[in-house]
Amino acid sequence: MPLLTHSQDDDEQYVLVASLDNAEVFQEFTITEDQVGLQINLTVLQDCLSIFGGSTVPGGMSTTLRLCYKGYGYPLTLFLEEGGVVTVCKIQTQEPEEPIDFEFCCTNVTNKVILLSESLKEAFSELDMTSEVLQIIMSPNQPYFRLSTFGNAGSAHYDYPKDSDMMELFHCTTRQSNRYRMALLTPSTKALALSCKVSVRMDSRGVLSLQYMVRNDDGQICFVEYYCCPDEEVNDDD
Amino acid sequence: MNCALEGNCIKAFGKAIHALSRIGDELWFDPTVKGLALRSVNSSETAYACFSFSPMFFHNYSLASDQATKPIRCKLPMKSLLPLFRTSITNERNVERCQISVDNPNDRVMVQFFCRHGITKTHNLCYQESSPLQAVFDSHFCPNVLKGPARLLANMVMHFQRSQEEVTLSISPLRVSLRNFSEGRNEHVKMYTEMSLHPDEFDFFQSGGDSAITFCLRELKALLSFAESLSLMISLQFGAAGKPLCLSVEDTVLEATVVLASLNDYDSRGPPLPTKTLEPTMSRCTDATARDNLSSERADMEVVPSSQGSPTGPPESLLLLYNSKHLQVSTADVTSSSPASSMICSLLFRASSSERDDENCAASVLACDSEVEEDEDPGGIAELSSPQI
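Sequences listed follow chains Z and E, in order. With our numbering, the residue at position 54 of the first sequence is 54, and numbering never jumps. With our numbering, the residue at position 57 of the second sequence is 57, and numbering never jumps.
For the record, the hints were derived by calculation from the structure and aren't laboratory data.
Calculated pairs, SDA-like style, for lysine to any residue (alpha carbon to alpha carbon, straight line, at most 20 Å):
id, chain 1, residue 1, chain 2, residue 2
1, Z, 162, E, 116
2, Z, 121, E, 122
3, E, 79, Z, 128
4, Z, 197, E, 118
5, E, 79, Z, 155
6, E, 11, Z, 126
7, Z, 197, E, 116
8, E, 79, Z, 130
9, Z, 162, E, 112
10, E, 79, Z, 123
11, E, 79, Z, 151
Values in this document were obtained by computation on a predicted structure and should not be read as measured data.
Working from the sequences, and respecting the hints, build out all of it.
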């Protein structure tokens, strides 16, 4: 059940996909058709989900959610229960827009690494935010995997060697260097914060795919996928 | 210049940068054969700090560069360097080694961290070439000297409110006390705090009589925080009100000095409660504008005539008002935009230039008696005999 959100402006393109691939994540999952598509306002959904305060304190009271959809023309209904209190939210649905297809397919992937999130979290928390772009270099040779920023103070580079114990998988075939708008990448840091592992892939066009593996409290796995186009302005090999 | 730091030294270096960031917004980076000196001065030129690291502090230290040119002396914005040395980053569990180099082909100050898991973080920082900053202050002539563990003073200052800007340090042969200082602008002093210590509490105590000086607490706290983290002793040397206060911390491989201007308080032995109004009053810690009624205080000003022949009297810019036979004053390179009041004593900081300005060379500023040796020093720095600032 992929949940998809995307932002589309002329030069700002990224897609964030939260995908609950594993039906076992749900205690109950029933679907009568092959595929159901609907569109709702994300902010409204967020507000509804956190109607009980949205506290993530472990050991605190947890909220139970039941999502129901009768079909086209009906609102998406959320039943939220916490501590005996039930809230019903009915969210107006919209005609689903055709999502941008980044046409990112595995066969086109030139470089791929899987990193433990811990190290990437550290890097992202230290990134120079005065830089407009984040440059990512993936290469079978030095520097292997590099994140670079070009801010007001100067440039900064974070290098991960291929044999680092933070590097679970290193599979780079050709040297690629691409720059991505920092503003487009920052939304993905929320998923990074929740994740335990990240897969970073680049295809031949330089489109970046970040897949965050999130383990929930019950040990269930879900993935958040993120796609971002390279910044077209500057795209030289450095 | 190329140097490497390991283990605890990275943390100490980071703490030095933190302390310097509480003094000023720019960091002067000065590698010499004697070691690396980091300096800063505040915008009103009333506080100066210098942290010197001897070559022994580093895992390795070399000035040699490929081109065999003079080492680059420069200044960097504090906000470029400070985030690199956040405590979480310099934690010895995270960083194994830190390498700093200037004179590299990139024309940047390169700070490289070799972290656990094989991760390398490289920062190339833009700098501005600059002559080294130097304050001239001879603490040898200070009649009052206090030396003790930094913790002792830290325990004294912790009792003051965080918002407390200035404090008055009083000394007499029988006691040392620290009290909060409030200028007349605060009509109602909400809380009056005074801490007193017996001379025996200090490892070294010397009092030249009764005196009291008022200075900014912020910079004292900056140095105390550094000294405490390394469990070092701190020494305070000062004279009468209006004379600078010199704070220093020393170790076998590093030295830190902070020189603070003090308020020229005419009533330094006034009642403990700060009820009197100093006129004209203004905080030294912020940029101030001159007051109109300076003329009445002119007689009490200790002004050394400007070498450029400008009239004595209310200085046009923040000038040295510290009377010493060793010093001459020039307004040559003073860039502060805040005129001084007679109530303010400050230190003049002039970057000594490697290329003498011909117009001013006749009265080189901040030259002490050792100026004759300046010719031997290609950097043109007026070095003090002591302390090693």
